[in-house]
Structure formats: C-alpha cells, structure tokens
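Turn these sequences into a full structure, and let the hints steer you where they fit.
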Amino acid sequence: MSERIPLHNLSFKERVDRDLNDPALRHNFREAMDFLMDKRKGRFTDDHQLQLLRDRGSSIRKRALSKLPDLLEQLESKLRENGIRVHWAETPEEANSIVLDIARHHGAKTMIKGKSMVSEETELNEFLEHNGVEAIEADMGEFILQLAEDKPSHIVMPAIHKTKEDIARLFEQNLDDCEYTEDVDTLIQSARKELRRRFHAADIGLTGVNFMVAETGSLVLVENEGNGRMATTVPKVHIAMTGIEKVIERLDDLPPLLTLLTNSATGQPVTTYVNMISSPRKQDEDGPEEVHLVLLDNGRTIPYADEEMRQTLQCIRCAACMNHCPVYTRLGGHAYGTTYPGPIGSILSPHLLGLEETKDLPSASSLCGACGEVCPVRIPIPDLLRRLRHEGVRKLKKDEAPVIRGHGAKYTHTEKAAWLSWSKLYSSPAMYRTFALSATLLRGLTPSKMKGWTDYRTSPKPAKKSLHSLVKQYRKQQDQYSEKQAGDKG
Amino acid sequence: MSELFVNAMGDTGNPPEPVTSESSKPRSNPDRNYPDRPDTVYLYGTCLVDLLQPQAGLDALKLLEREGINVVFAEQQTCCGQPAYTSGYDDEAREVALMQMQAMPEDWPVIVLSGSCGGMMHHHYPKMFTGLPEQQQAQAFAERVFEFTEFLVHVLGYQPEDQGEPETVAVHTSCAARREMNVHHTGWALVDALRNVKRVVHDHEFECCGFGGSFCVRYPDISGAMVNDKVTAITDTRADRLISADYGCLMNINGALEFQQHKIRGEHLASYLWERTTGEKHV
Ligand code: SF4
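Protein sequence lines correspond, in order, to chains V and H. Going by the numbering used here, the first sequence opens with residue 1, and the numbers climb by one from there. Going by the numbering used here, the second sequence opens with residue 1001, and the numbers climb by one from there.
If you're looking for bench data, these hints aren't it; they were derived computationally from the structure. One should not assume that every hint holds.
[To be verified] Each computed DSSO-like pair below joins lysine-lysine, with the alpha-carbon atoms no more than 30 angstroms apart:
{"#": "1", "chain 1": "H", "residue 1": "Lys1127", "chain 2": "V", "residue 2": "Lys465"}
{"#": "2", "chain 1": "V", "residue 1": "Lys476", "chain 2": "H", "residue 2": "Lys1198"}
{"#": "3", "chain 1": "V", "residue 1": "Lys449", "chain 2": "H", "residue 2": "Lys1263"}
{"#": "4", "chain 1": "V", "residue 1": "Lys193", "chain 2": "V", "residue 2": "Lys151"}
{"#": "5", "chain 1": "V", "residue 1": "Lys461", "chain 2": "H", "residue 2": "Lys1263"}
{"#": "6", "chain 1": "V", "residue 1": "Lys41", "chain 2": "H", "residue 2": "Lys1198"}
{"#": "7", "chain 1": "H", "residue 1": "Lys1263", "chain 2": "V", "residue 2": "Lys464"}
These numbers come from a predicted model, not from an experiment.
The structure is reproduced here in structure tokens:
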C-alpha cells in the first residue's frame, strides 16, 4: 500500500480501479468506518433528540450563511478589537503568500502545524518548503503522512488508510531511537517525544479553525491530542487559517454545533481540548505575541450565490457522511483525488476546482441517501449531487448567470440524444406499449452481455407478458366469470 | 449552555429511550397524513415490474381487491421518470412525469410498487415543477402517492392470514423506501405479521445494494463491489427466502445471486404476501 502512484497521473476511473482492487485497503476502511458508525450510533441513542438537535444545527448554520457578509464584517472588527490580525485571500496562492509574508517578517525558519484541511486545500506545506520555510505537521495523523510523503484520505482521521504495521515501519525508519514495535502506545509516545522537541524550536504555529464566533471575535478549535493547544500557545506567532463560511453569529450557537460535531465525528461527547482563542497574550500571560487569521474564499462565493448550492457551505466537517458512505467505504479517500473526499467532497470540490476537473464525482454515487441521513446540519447531499449532475450536462442559456465553473462539462451529444428518445418513448403510452410488447415477445433476443452489468450479474430477462397485458387478460377473465355467473343465475 | 446540548449528551436524569431501529412495530409516519380507507385506488406498477416481474403487479392488484378496494390500472402509465432525473436530464424527466400525472387524474390514492418510484413521485415531482404552471398539480398528485406497504399498513390496517409452512426470510429494503419514504417499518411489519415466518436480519442491512439506476452502469466496479457484499450478507443468513418491496434492487441482487450460482432469488413482497395468504406459489 505504501508504493502508490501519484494521484495526478491517474484518471478517476483508474484510481477507482486501483483502490477497489486493494483488498487490504478495502478491509481497513470497512473496519474503520464500521467502528466510527458504531461510535456515533452509541452516542445518539434518542432519535427524537437527535432530530431536534439536527434541526437546531441546520438552522444555526443557515442563519449564519444568510448573513454571511455582515457576520464577516462583524467578525473582522471584533477580532481587530481583540488584537487579532485578519487577512483575506481569494485564492490558495494568495493565502499561501500571506502566510509566507508573516513567516518572513519574523524571520521564521520552521512552522509547526496543527491539523488544517484548508492548508491541505492550498498545498501550503509544499509552497513553504519551496520558499525555505519548513512546515512540520504535529497532528499525529498528519505527522505520519508527512513522514510517508502521503496525503490525507479522510478529513477527520487523515491517516486512516495506514495500518499499524505501516506506521511501525515508518517510525523505525524516520525517528531517532524508535525500534520496530506494533504497540500503539509506544508508537504514539515516540512520535510525541519527537514532536515536543520540534514544538519548542518552531517559530510559528499554524492551525485550522472549526468555528469563528462573530459576536465575540473568537476562534474555536477542537482536538484530542493537544497539538492545537501547543501550536496556539508555544510559538511566538499563531496563524489560523480557514474558509470564510466557518463563521457563526453568537456564542450561544456554539454548544449545539460542538455537540453535533464531536458526536457525529468520533462519537465523543466532547473532545479532549476545546480551544477558544480571542486575543494574543495579555500582560503576564502565556501565549503568542501575535495572532493572525487568514480567511480563504477559493470559489466558496460561487455556491453562495445559489440558494440550493449554498447549503454546501453549512458543513461543519464532521466526516459522518464519508463514514456512512458505501462508496467511500469501498474506495477510501485517495481515489477521489481531491482534498475533501467522500460525499462532502463530491459536492464541495466541484465548486473549489470547477466541474471540468471534478465532473465524475457527483455521478459516482448510488444516491442511497446515507450521507444526508446522518449529516448533523441537514445538508441534502443527494439532492446536491443530483443538481451537480444536472449542471454538468446542461448548457447555460443565453444571459444566464453561471452557478458553477464548468457548466456542461459532462455534456455529450450522444447521451443527450439518448435521453431525448427515452423521454419520447416513456411519455408516449402507445409507443411504450409497442416497445413493451416487442421486448416481451422478443425476450429471447435480450443480450446476454451488457457492458459492466454482466461482469457481476446475469442479464435481466423480460417476462413473457408485461403487467399491462397481464392485467388486461385478468380483467377479461373476471368479466367472463361474472357474465357466466349472471348467465347461470338467469 | 443550551438545554438541547445537555440532553443530546445523555446527561439528563431521564435515560433516553433507545432507538429501536430494528423493531418492526410500524411507527406512525410523521411526514404523512394518511387518508381514510378509499373505495378506489390507482395501482402504479413501475416500469421494471411491468417488463421484468409483472406477476408482482398482478398479485398486488388481487391482494388489494381482496381487501375490497377497486383497483384501477391506468393503461397510460409508463415510468416515473427517475432514470432521467437522477442523471440530471430534468426536461426529459418532466416530460415523462407529466404523462404519469395525466394518466391518473382522479383524486384517488396512487399505490406504488416501489419505494424508489414512490419517493420520486412523492418527494421529487413537487420540486421538479417548482415555479412552473404544473406546480400545484404536482403537489396535489404527490400528496396522494403511497408506497404499497405503507398503504397496506397505515391506510388499510391489513393483517395477513398466514397459510404457509414455517420458513425464514431475509428482507432487503431499498434506500429510498428507508430514507425518503420512511417505510422500512411497514415492510418489516407485514413480514412479521406472518405467523410462520421468521425474519432474519443480515449484516449491514441498512446499506445500499449498489443498484442506483445509471450508477450501476457508469461505475460497474463500485456497484459490483457493493452488490457482492450484499449477496454475501444475505446468503450468510441462510434464510429460505429473500423478499423486497422494490424490484430495482431485486433485479440487481438477483442478477448477482444467479451470477454466483446461488439458489435463492429475491421476490417481491406483493407476490410473497399473496402466496402466504392463499397457498398459491408461482414458479
Ligand atoms: S456534509 Fe454534513 S456529514 Fe459531511 S462532513 Fe459536512 S457536516 Fe459532516
């Protein structure tokens, strides 16, 4: 599993093919997802309460998004009041250079990082390295991936595709005085020792953000390992990096969202650490001297403009949708080829990257609805997947404003023509009956090979008679019977 | 800290009631208003039953008539339009949807032999026609669409009189029946009402069988992996029979069962109920 071909060299179908046929990977993901599903289920034992809480979570996120421009303004002025510097980035490149500028300003050589999916989105590590700043991942999962020169396959548990043995080998090769062991505690201890040393040497700490509270100007960060606490307190400078949609209106909005997030993600009632950052250090206090917030757009304002698509931005990144997704469970995260895999990735990535690059993702779903059923903020993921399919196969009308980059990226004349004739056939009962008649009469001619289908199944055979004919025949029998009865009586 | 917060954490004095998601007790469906027992209904066979498993449609018709309901099978019915809709071809889907609504104009309940097509007509028709002249028509139509098992249980209060020999049954519920129509309980309830039948639960029963309409041809290998797991889970139960109220899933699962040379084949619940209550078995 460790010798993987770089993602970008393969098409989506090729990646699917590669990962579906990796039995160890399939097995690992099934087990891990089952575990996470069970954990979540164990916490939400009262379905009625869960539904009320989801209503609440959804309405908090909807309300925040409905006022997004105002809340961002309020957030910025509150944060400034609190002494936190705010930077706006429209593109990943802009976000990265803002971070680099801050680093250069402080003459920083190393940056220690808590988990941040947005920094994965901007490929910050590669950029910094290129520019002479070393970025060190401090989240255990991300640390493992950095050693392995690998990418996250899950948004909450980035290294979930790695086995204990993979990690043992990796640590043996890369860490000082770490012998091969499969004892998880020893492995974690070795990594922690290494990380602690690096924390003290780092000039800057960088983290993601789970929520930003506009009312109080606070940055909220939840985590279990303490790397977020370290990254936000030990180095002299803390940079937080996140997407513009993460803002919520009031401090009161936070508890229900935290409950939904941690219970949905890992089945935890609360995480080990809940960090609330509201200012740099004050006199006689610990903590960084400077706190920066980098707010990234990267295409998020495009779905924002459309009421239905906007719901994509409600996401609180709990990963429950991928944990419950039968497709993700069988592929793992890398096959998607995007920073955010699974159902949330399939509805978000098309906005971040455009449909040209991501056109296959929305159709790689059976629309089973498991994601929508568990989403703590009630994002109708299946509806959005379908909508994206629609945008992928239609051309924009004249003067119509685009709701996504890459309208019609999946459009082909052949498929359009096929659906047109399908629609003609099924909206004309007479034509349909003729079709049904020939399909049933000529059932012997049904092809025994149907592309894809018959690799796993035998081909379906039409019945001798359609239901239309059976009902007609049955009614005739009924009539004859009652005529006969009437005759017998008379 | 809000009250909901504390409650959701299970830290209040009253222990929360456990979710009995595997129970077959039909819960009332909070999303629906069920009508009184009607004199007449439309039976919507669905295009797959029409061409591939028509006996299920006829059995459903006979069963409803035996319960004293007049059943109208509209000649003009074809397909609900879902294949085009889920592929993103909205205009083409609307065209077909309109035809179905025109085919069943009277104010009678429309009984659909599939949770998936039922979900399409009940949930998606109103959305498809939003802002169009047919919006109201679609809304009114959607209101009278009922999935077969929910109609039997919630409207007719149907209790099957089991005449059959003892046997075990695995039940597959379609994703739309479960998650869009919320009718998995009614399907289970009907099977559980059969005195001599024992319903066995299979591994990952809540998981999709991999059909997904065009998904299974667009991504045959992902779909194939899913249906293979489903077949293993079902055959591992060693149940005598496999029953579902959706023929789409059954076409998928049966194809894989036959491909792997298993003996068991899935049957539609309508046929199964007819068989168990009359002793007539179709071969
Ligand atoms: S879409 Fe919903 S379930 Fe998926 S990560 Fe976001 S909040 Fe969680």
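Now the hints, each set against the structure:
With a C-alpha separation of about 35 angstroms, the suggested pair Lys1127/H and Lys465/V falls outside the 30 angstroms cut-off, and the hint is violated. Annotation: proposed proximity of Lys476/V to Lys1198/H is violated, straight-line Cα distance about 38 angstroms (limit 30 angstroms). Annotation: proposed proximity of Lys449/V to Lys1263/H holds, straight-line Cα distance about 21 angstroms (limit 30 angstroms). Taking the CA atoms of Lys193/V and Lys151/V, the gap is about 23 angstroms. The hint holds against a cut of 30 angstroms.
Restraint check: the Cα-Cα separation between Lys461/V and Lys1263/H comes to about 17 angstroms, which is no more than 30 angstroms; the hinted pair holds. Restraint check: the Cα-Cα separation between Lys41/V and Lys1198/H comes to about 26 angstroms, which is no more than 30 angstroms; the hinted pair holds. The suggested pairing of Lys1263/H with Lys464/V holds, with an alpha-carbon distance near 22 angstroms, which does not exceed 30 angstroms.
Of the numbered hints given earlier, the model fails hints 1 and 2; all others are met.
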